[in-house]
Structure formats: C-alpha cells, structure tokens
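Listed below, chain by chain, are the residues.
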Amino acid sequence: MDAKEFDIIMIGGSAGSVRVIADILASLPASFHIPIVIVIHRMKNVVSEMDRLLSAGANNRKVQEPEDKMLIRNGHIYLAPQNYHLLIEANRTFSLDYSEPVHYSRPSIDVSFESGAKVYRNKILAILLSGANQDGAYGLEQVIQYEGTAIVQSPASAEYSIMPNAAIQKNNSVRIQTPGEIVRYLATLI
Amino acid sequence: MNKAVEISTGELEEVLSVLKHQYGYDFTDYARASLTRRFQKFMTDANIRSGYDLKYQLVNNAATFQHFLQTVTVNVTELFRDPQYYKTLHEKVFPMLASYPIIKIWHAGCSTGEEVFSTCILLKEAGLLDRAKIYATDINPKNLEKAKAGILPLHVMKDYTTNYIQSGGTKEFADYYTARYNNAIIKKELRDHVVFSQHNLVTDNTFNEFQLICCRNVMIYFNRHLQHRVMQLFYDSLSPLGFIALGAKESLLHTDIRKKFETVNSAAKIFRRKE
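These protein sequence lines are chains A and B, in that order. Note that our numbering has the first sequence beginning at 1, numbered continuously upward. Note that our numbering has the second sequence beginning at 191, numbered continuously upward.
Derived from the structure by calculation, the hints contain no laboratory data. Backbone N, C-alpha and C define an ideal beta-carbon position, used for all residues, glycine too. One thing to keep in mind: the hints can contain errors.
Take a look, some chain A residues computed to stay more than 12 Å from chain B by CB distance [stated by the list, open to error]: (1) A30; (2) A56; (3) K123; (4) I176.
Computed list of lysine to any residue pairs in SDA-like fashion (alpha-carbon distance at most 25 Å, straight line) [to be verified]: (5) A:K44 x B:E281; (6) B:K338 x B:K282; (7) B:K210 x B:F255; (8) A:K44 x B:M286; (9) B:K231 x A:E100; (10) A:K118 x B:T199; (11) B:K378 x B:R419.
To be clear about the criterion: a stretch of chain A counts as covered by chain B if any three or more of its residues have a C-beta under 8 Å from a C-beta of chain B, and this derived list gives those stretches [claimed, not checked]: (12) 67-81; (13) 98-104.
Generate coordinates for the entire structure from the input sequences, incorporating the hints supplied.
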C-alpha cells in the first residue's frame, strides 16, 4: 500500500469493536505521533470506565475524552464522550454537539467522520470496524469524497459484519482489511 | 442518512448577515461545525437546495425565518441527564442554598424545560421548592411554549425514571407527572415556581441576581469569544459565592474568568463565584 502522510486517524466501531481497538492501540509504539480519535457507540447516563479500560492496554498512553474546544494534539488518543456528537472545527479543535442521535447513536460515527473529512481532507485516515448498524457508511463516503483514505474491517473478520458490509456496499473504493492488516499498515505510518 | 445539502462557508456567512441585520438574531459567534450541520438539516427538511436559495427565502419570507429559528438551535434534552451531576447538586449545592430566605435560580438556555423540571423535583425533595424562584430562559419561543405546557412524551418516562433513581431519587417518580394518553404532564405544583421567558445570551444582559445558574450544554454551540462573553454575563448575574453548573464536557479553563471561580466538583462541572 502506498505511503501516505496523515494528520489524523479516526476509528469508528460498535458491537464487537472494543477488542479490535484495544489490539490496535496495544500495537502502536508510545512514540506514535498521529492523533487518534475513537468513536464507539456507548451507553449514556451511566458511569463509564471506557477511557481507562482503553488506556490500560495502550502502552502507557492515556486515552482521554476531550472537552469542548480542546485542541487536537499530536501523540494524543481521544475517545468521543458519552451522549455527545464529537465534531472537529476548521482550527483543529474539538466541539461537542448534543443534537438528535444519528442511526440511534450519539456519538455517531457518521457525524465525526464527516466533520473530520471536511477539515483534514486528504490528510485523514478513517477506519470502520465491527458493528450491528449502518452508522459510518455515510461518513466514509464523505472521507472518500474529500480525498481521504478509508479502511473497513473485513466482514469475515468482524464479530458483527452489518456495519462493515453497509460501508462496503456504499463505497466501492474502500480498502478492506483484517485487524492484523490494519495493525501492520499503521506500523508503516510511524 | 440521505446525502445532505451542502452550504459553502461563504454562503453561510451571507445568511448569518441576513439573520443579524434583518431579524436581529446574531449567530455569527456560534461554533461552525455544529451550526453548518443545523443549516443543512433545515435545508434538507425544507427542501431548500442551495445556500443561495436559503438566503433568498430568508430575505423574502418571514415565515421561513420562524421555521428556521426552530431548527437552527439544538432543542434536545432529557430529564435527569447525567445522574451524577444531579446527585452532586443535591448533596453539595442544595445544603448551601438552604441558608437563603429566597433561592433564585436561572436556567439559561432551558430548551423545552426538562432540566428545569429535574431541578424542581430535587428542590421539592430537599424541601426548598417553596422558597425557590426559577427563571428559565431560551432564545427560541417555540421551546418556551412547550416548556410552559410541561408535556412530555410518555414513552421516554421509563428511561427518565432510571435516570432519576441513579440521581439518588427515592420517591415514586410517577407521582411527579400525570399520564394521559401518550403524554406525561409534569405536575403543576412543580412548575408553579418557574417563570419562562425569552432571553438571548448573545445580545441580552443580566436581569437579576442568582444563587445558582444552570447552563448545561448550551455554550458548546458557541465559539470561544462568545463563551467568554457569556461567562462574564453569568459572573455578573451571580451573587457572591453563587454557583454555576456547566455540561459534563464543558470547561472554564480557556476563559480568563476562571480565576474568579473555585471548583466545587470537577466531574459534575459545578463551580462557585469566589466573592
């Protein structure tokens, strides 16, 4: 695969994705500089340890839930907070939005991917993992339209294949990879 | 999701200028990523195909503007959203408020009233509601009409009951509303202490002095410049040692005014004016 330079990596996942995300984070060296934004469908109005759980396996790197207007910084890993959509502004800061759920989801992967695509254009790598609804397919379409790079977890390797399949059907030019191939590709970006 | 209608940055700025000069609503300091989504949602719903058409419609058709105003602000809210916040409010803030003969509270950006009703329920349980005077304001008159009626869809009450219990509520939640057909009507005795009125945080000023201001997930739609202005407005509207509650992921850190507040609870985002 051709070598590209990315300013941001966005990862979206739902049911069956947390293990894959944990494996990806564990594979990255502490020096990995590209900021990573993770959007997972999560419960709302319950106390969540997701950020700490993901931090535990991430080579001592902290996975943090951004606050509104926080600057996106190199070397940082961010997790979309519960019950908000996570957007990115033109000046590469986060902004939060509490509008209607999209595909019954808030945070929605479509919303974050679309927002990231518009700001980062050909400098975004978006990865869509296992899940049991349609969220993310439209977002990847936006990523491709703005000349970013889109990867979908291969349906055969996904615990739930509905989300990868929906994205593949909507977008001809996505790259389809197993978690192992995704990990190996990310290793080439260092 | 269908393909959204696009509006360019230039077109958006032109529409903002029309809204400001023709209708007196200033959205120029709203955060762009979210605002652009709201514009596109309105355009999709109203079958407006381009930024130019939107501008044309708004210039020539006041009815379009009324419809637009309802859509452009985010009007999503819940009863007892973030139960931990309400628990903290009940445990850390209410005992302090109890020392005032009249407790004045401002819910700024109250939308359709759900957060206001949540506060009223907790005040009632703390025995403070009879002494409370609650001002609930919003930019959007339609929201205020809904809030005044106190009517919520019945099907969401199950989730809200769970939120209430997690907030530390111990009473029978169903006693706080009357179920009728597919609706739940919040009991009038809970709403009697609330005055709903229109107020625009962008352009309007302080109108009273409060012991508690609740403004959760409203300023996330503003840029830093406007956030700073509104925080100054809140500071000026708080009595010395008055409290302010923000949304779970809102921060005062980037505003200079941070120094004039102390943190009561960082997770619940409750702060207190120092003097």
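For each hint, the structure was consulted:
The beta carbon of A30 of chain A is kept farther than 12 Å from every beta carbon of chain B, the shortest such distance being approximately 26 Å. Annotated as non-interface, A56 of chain A keeps its C-beta farther than 12 Å from every C-beta of chain B; the closest such distance is 20 Å. Distance check on K123 of chain A: its Cβ is at least 17 Å (rounded) from any Cβ of chain B, clearing the 12 Å threshold; non-interface status holds. Every CB of chain B is more than 12 Å from the CB of I176 of chain A (nearest about 22 Å), matching its label as outside the interface.
Taken as a hint, the K44 of chain A and E281 of chain B pair is honoured in the structure, with Cα atoms around 22 Å apart against an allowance of 25 Å. A distance of roughly 29 Å separates the Cα atoms of K338 of chain B and K282 of chain B; the hinted pair therefore is violated under the 25 Å criterion. Between K210 of chain B and F255 of chain B the alpha-carbon distance is near 12 Å, which keeps this suggested pair within the 25 Å criterion. A hinted pair counts as satisfied when its Cα atoms are at most 25 Å apart, and K44 of chain A with M286 of chain B does not qualify at roughly 30 Å.
A threshold of 25 Å between alpha carbons decides the hint, and for K231 of chain B with E100 of chain A the separation of about 11 Å falls inside it, so the pair holds. Straight-line distance between C-alpha atoms of K118 of chain A and T199 of chain B comes to about 11 Å, which keeps the hinted pair within the 25 Å bound. With a CA separation close to 35 Å, the supplied pair K378 of chain B and R419 of chain B exceeds the 25 Å bound. A count of 5 residues in the segment 67-81 of chain A with a Cβ less than 8 Å from any Cβ of chain B is obtained; the coverage claim is therefore met, three being the minimum.
Against chain B, the segment 98-104 of chain A contributes 5 residues with a C-beta closer than 8 Å to a partner C-beta. That satisfies the three-residue criterion, and the hint holds.
Consistency note: the structure conflicts with the earlier hints numbered 6, 8, 11.
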